[in-house]
Amino acid sequence: MAEVNTGDGGGHGKHDKKRAKKSSTRIDMTPMVDLAFLLLTFFVLTSTFSKSKVMEIPFPKDPKDLKVQQKVNNAITFLLTKDNKIFYYNGAFYLPGNKEGKPETTITEKDFSAKGIHELLLDRNKPTIDAIKKLEEQYKNKTIVADTFKVRALREQGRKAVPEKGIPAALTVLIKTDDQAVYKNVVDLIDEVKVCNIGIYAIVDMMPSEKKLIDEKVK
Amino acid sequence: MPKIKLPKGNPSLDMTPMVDLAFLLVTFFMLTASVRMTEPVIVDTPDSHSDKLLPENVILLSVDKRGKAFFNISNAEVRVKTLERMGKEYNMTFTPAEIKAFGKMTSFGVPMKQLKQFIAMSEKEKEKFNSPGVPLDSLDNQLSNWIRYGHIQERTLAKQAQDKAKSLGREFKDTPLRFAIKADAQANFLNVRDVIKVLTDNDIYVFNLITNLEKGDDVK
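Sequences listed follow chains A and B, in order. Position 195 of the first sequence, counted from 1, bears residue number 194 in numbering that gives the first Met the number 0, the numbering being contiguous throughout. Position 136 of the second sequence, counted from 1, bears residue number 135 in numbering that gives the first Met the number 0, the numbering being contiguous throughout.
Keep in mind that the hints are not guaranteed to be accurate.
[What the hints assert, rightly or not] Lysine-lysine pairs mimicking DSS-like chemistry, simulated, CA-CA at most 30 Å apart:
| id | chain 1 | residue 1 | chain 2 | residue 2 |
| --- | --- | --- | --- | --- |
| 1 | A | 109 | B | 172 |
| 2 | B | 196 | A | 211 |
| 3 | A | 52 | B | 64 |
| 4 | A | 210 | B | 51 |
| 5 | B | 51 | A | 139 |
| 6 | B | 51 | A | 175 |
| 7 | B | 196 | A | 175 |
| 8 | A | 52 | B | 172 |
| 9 | B | 125 | A | 216 |
| 10 | B | 125 | A | 52 |
| 11 | A | 193 | B | 51 |
In case anyone wonders, no lab produced these hints; they're calculated from the structure.
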């Protein structure tokens with residue numbers, strides 16, 4: 000604890016007659032220390048909390064590359080629209096009565112809750128997540144040393160863009176927004192994609208045919 | 000058995016070293032803390048699970064709730080140089096006082112024509128001012144120019160600093176310029192898309208989105 004000024008610390012009997020010299024030369028520092036620590040706490044807290052957090056997103060140089068890829072790959076497309084609504088469809092987009100004879104694409108509604116897109120993405124990205132788990136296990140058992148094993152798993156999955164024998168292709172997530180989608184939902188979706196360890200994702204333009212499907216669902 | 004002698008002296012501690020340390024830390028934090036200027040725009044950023052910190056050297060593009068674009072460069076020296084270059088581009092001359100004031104400013108969301116007027120405003124007036132946003136349409140893409148010249152000026156200054164350090168025989172650590180978008184959670188993504196397009200048109204394909212760290216642990 001701080002020293003308490005008792006008032007007689009300086010006097011030692013000799014100068015009893017001169018009262019002016021009796022008072023202590025020591026100052027009680029407690030309030031000053033209190034203030035110093037208060038300021039210290041304030042600056043420590045404000046300086047660490049004021050720094051903003053960021054998420055990094057890469058943008059495709061040429062969105063056309065992705066459109067080609069989407070056809071071959073294990074892709075999932077999310078369509079964002081007004082009122083926090085989100086729809087998705089798997090694989091490539093097929094119009095009704097297409098030349099390939101594939102059934103026409105239908106879209107399914109999901110939501111941003113833990114049961115919604117999070118579960119869906121976890122399920123769809125199981126191969127990558129399993130690969131990461133395996134590498135984590137290896138890292139724990141010290142069979143691999145690099146602590147960048149997560150990156151490695153993602154890269155390995157990403158490289159298998161064309162499905163090899165028995166190995167599923169990496170999941171590609173395409174995010175498409177219409178003219179009424181809110182920024183928050185896009186960030187939420189990208190966040191989910193990152194949490195689910197999906198390496199390939201892109202924000203691309205929505206096709207008019209996709210917009211039409213949404214318009215039919217949202218009225 | 001001998002009695003344990005209790006020291007009879009004053010139980011007080013000498014606090015001077017502790018106080019010295021406390022004040023040293025206070026001084027350190029006071030000096031390192033950057034004074035946050037009032038932003039002319041309130042941006043309520045969305046949440047994410049990312050715990051990456053905002054880079055030091057950054058060109059910040061804000062999008063407010065109404066979808067208006069704002070521009071800022073974190074480095075004051077670069078900001079001033081960019082203003083001079085932009086003045087040349089748009090045939091405007093800025094007085095030394097205006098340039099100095101601009102160096103102390105944060106984000107602004109006005110076209111070049113209104114910039115002088117905006118610089119002259121007081122902090123309170125800026126807060127009330129309804130910023131029209133930096134124009135970014137194809138006819139008058141001022142945001143693109145700001146980004147381009149900001150990028151060029153930053154690189155030139157970094158190069159100069161590097162050369163200077165080299166001539167003095169010192170090591171130079173370059174902090175690469177990053178681009179960050181700070182958009183309001185409720186902003187229309189179309190407006191954010193426009194800002195992103197300005198970046199990609201300037202061959203910038205990797206940038207940061209500013210978010211708040213999400214509270215809670217629902218996702219694991």
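Here is what the structure says about each hint:
Straight-line distance between C-alpha atoms of residue 109 of chain A and residue 172 of chain B comes to about 47 Å, which puts the hinted pair past the 30 Å bound. Distance hint between residue 196 of chain B and residue 211 of chain A is fulfilled; the C-alpha atoms sit about 24 Å from each other, no more than 30 Å. Distance hint between residue 52 of chain A and residue 64 of chain B is fulfilled; the C-alpha atoms sit about 20 Å from each other, no more than 30 Å. Among the hinted pairs, residue 210 of chain A with residue 51 of chain B is inconsistent with the structure: their alpha-carbon atoms are about 34 Å apart, more than 30 Å.
Of the pairs offered as hints, the one joining residue 51 of chain B and residue 139 of chain A holds, with about 25 Å between alpha carbons and a cut-off of 30 Å not exceeded. A C-alpha spacing of about 25 Å is found between residue 51 of chain B and residue 175 of chain A, which places the hinted pair at or below 30 Å, so the restraint holds. The hinted pair formed by residue 196 of chain B and residue 175 of chain A meets the criterion: a straight-line CA distance of about 15 Å does not exceed 30 Å. Of the pairs offered as hints, the one joining residue 52 of chain A and residue 172 of chain B holds, with about 23 Å between alpha carbons and a cut-off of 30 Å not exceeded.
With a CA separation close to 44 Å, the supplied pair residue 125 of chain B and residue 216 of chain A exceeds the 30 Å bound. Among the hinted pairs, residue 125 of chain B with residue 52 of chain A is consistent with the structure: their alpha-carbon atoms are about 26 Å apart, no more than 30 Å. About 13 Å separates the Cα atoms of residue 193 of chain A and residue 51 of chain B, which keeps this hinted pair within 30 Å; it holds.
Hints 1, 4, 9, counting from the list given before, are not met by this structure.
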